[in-house]
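One-letter residues, chain by chain:
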Amino acid sequence: MRGERQSQRTRRARLRRRVQSRRKRARRRRARKALQALTTSALALPGLAGGAAAQSREERFTSEYAYSFYSEDALPRSKVTAGGETDRYQIQTHQLRFAAPIADRLDLGLDVAYETMSGATPWYVVPDADGDALQVMTGASIEEARTDALLRGSYHFDSGQASLAGGASFENDYLAFNGLLEGERHFNEKNTTLSGGIGFSIDRLEPTDADLDPLRPTKQHRQNISAFVGISQVMGRGAAIQSSLTYQHARGFLSDPYKRVLVEGTPIADSRPDARNQLAWLTRYRQHVSPLAGTLHADYRFYVDDWQITSHTLELAWYQSLWWSLRLIPSVRYYSQSQAAFYGPWFDLPRADGLYSSDYRLSPYGALSWRLRAETAFSTWRIDWRASLSWERYLSSADLALGKVAIENPGLVSFNLFSIGLTARF
Amino acid sequence: MGSPCELHLDEQPGLDFEAVARAAVDEVERLERKYTRYRDDSLTARINASAGDPDGLELDPETASLLDYAATACAQSGGLFDPTSGILRRAWDFHSERVPSPEELTPLLERVGWQKLRWERPRLALPLPGMELDFGGFVKEYAADRVAALCRELGARHGLVDLGGDLAVLGPHPDGSPWRVGIRDPRAPARAIASLALRAGGMATSGDYARCMVVDGRRYAHLLDPRSGWPVEGLTSVSVAAGHCLLAGTASTLAMLHGRKGPAWLADLGLPHLWIDADGQLGGSFVAGRHHEQLRGEARIAGP
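Just so you know, the sequences run in chain order V and L. Quick note, the numbering used here runs 4 ahead of the 1-based positions in the first sequence. Quick note, the numbering used here runs 879 ahead of the 1-based positions in the second sequence.
This is chain V alone, in the form it adopts within the complex (with noise of 0.2 angstroms):
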């Protein structure tokens, strides 16, 4: 009797405790999140975000992970030539990113990626007996890998940053290097920002199997340049908007070695002019909502080339901040272009410029893509965390496209994407 009532009592007093423990976690939290919004609202006077306290450098040693999986969906049988390949890419990242301050000023970052793809990818298209397309797939399953490293550095001044990365990527048939150099510097306490920014990078293809189509090239070279400027202006009350405006010059070896066009009844080899010029403009906006705790975000972009495609992309986000530091992103995006100037499903007559593709990429067609993303960030150990997870569902069509388009490419994609991340700070 005496025994039960004493054990009564430890767990009582057991109970006790977790609630007291938990009543003071609670306060911690409320403590700790009122000074959250005490120090960005700090934040919002002029002259204060230049302070120490706001740098938006890496104070810390920051590692981060973060896995994707990519899958297309099978194309449907009526869509291929009869006993071909339905299925097609998988694609398998991992991504590993670390950051730490080396000097007063300085910060290091490393970013390796690996990805291992497999699967059928289309070939070229033909027309069925009613003029209709279907897509000849390539017969054998590919396995690749692919590995990519970025080492950056970045600079801190007083009103502004400037980076300077290098970077290769390796493939067993493709070899490419890249360099970047960009800087940005705020202005007008720090509501305004430039930023600015050039980078290139130098592939080598050497592509496989060139015993098995005779048609594919045995090595070839191709080079990019790309400039951008940019500007960003907060706009008071959570709201900012930024532009940049991107060209990107590239030349050599444009065409895909791993894909043929049909043209007079004959497969031949892909074939595409050896220059390319692209424009690309794209306007964000963001509104942070204060009734709602929530942020929405409104990009727009217009990219124009000079293979005569034009295409407009439109994505809305909405960033809603729920209970325990755990934000919810639904977004929705739309994506639509015309054709190249050399595409065609296939051609039943020869060009003069003997440029030829059916590359779906490269054909008019339009975009769908919904998305949701889950956030949240924690700390334990001394550790800040980060973690997200995300799944993405994109369709294209030729009936998205904003124009009409006469023949669909067969071959358009449609994907699912899982994304998991974590980042620790310390």
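Hints in this document: simulated from the structure, not taken from any laboratory. Mixed in with the good hints, there may be bad ones.
[As the list claims (entries may be wrong)] Listed next, with one range per pair, are the computed distances between beta-carbon atoms: (1) L:V1094 x V:F161: 53 to 59 angstroms; (2) V:G170 x L:S1074: 44 to 50 angstroms; (3) V:T196 x L:V1094: 54 to 60 angstroms.
The C-beta atom is built at its ideal place from N, Cα and C for all residues, glycine as well.
Dock chain L against the given chain V, drawing on the hints supplied.
Coordinates of chain L only, in the frame set by chain V:
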């Protein structure tokens, strides 16, 4: 600013000290002129003169941001931080050594309360005649941060701004060593009870050693709870270090207003701090032995 102000700058080649000092003095004077209660031509006076006018007046972006900050502080503290509570001082004359009657306090309390203001940036209205807004609770701390930012803008890298105990660091000494600052003993203001090292950010101290009265053996501090109109008991001095002097100031004021619960609230907040209670007891993360737990190298204690 009603208290001695100092600007400490270390030698720095190529720095125009006079220009920096001039800019600092100009900035302090600008903020003083703009926000003081003691001049009829200040913005504060204009705001308070508009009390009762339902249209109110339109404010400049700086003042608007300060009011946004005050609104956040008020909301996050459950009304403990309240820039409309200044009129309560009329009932509490600390020279008279007399405790006010409820009849004196009630009509004043009716005109106190941030939620009674209409603040829709950039327009502020004080709907009740006789309502008053007082920037005194945070503008000195903001001024310290502003002066530090201005000095940095002019190229100064090593210095300390001290506006009557509200400190903002421009940067550590040229050799990287921190600024050593003393915290006054509330009972003997000439003596430092603790000293700490400040490398960045700011520090502020709230204390009631300046003004208090004793009536029938009971001590009444000058710090008034805006909700009851009565002095808060518990702590006599609180110092807090933070990324900005403004934050440090709000935290130390709120800790004082929390009274006996101040030490627990400070511990929850997680900022480096020191408190002294009415019995002369000392506590907080500045106190040797516990500092490394919470300071993360921002501020270090030299010992009481």
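Here is how each hint holds up against the structure:
no. : hint                                 : in the structure
1   : L:V1094 x V:F161: 53 to 59 angstroms : 58 angstroms, holds
2   : V:G170 x L:S1074: 44 to 50 angstroms : 48 angstroms, holds
3   : V:T196 x L:V1094: 54 to 60 angstroms : 56 angstroms, holds
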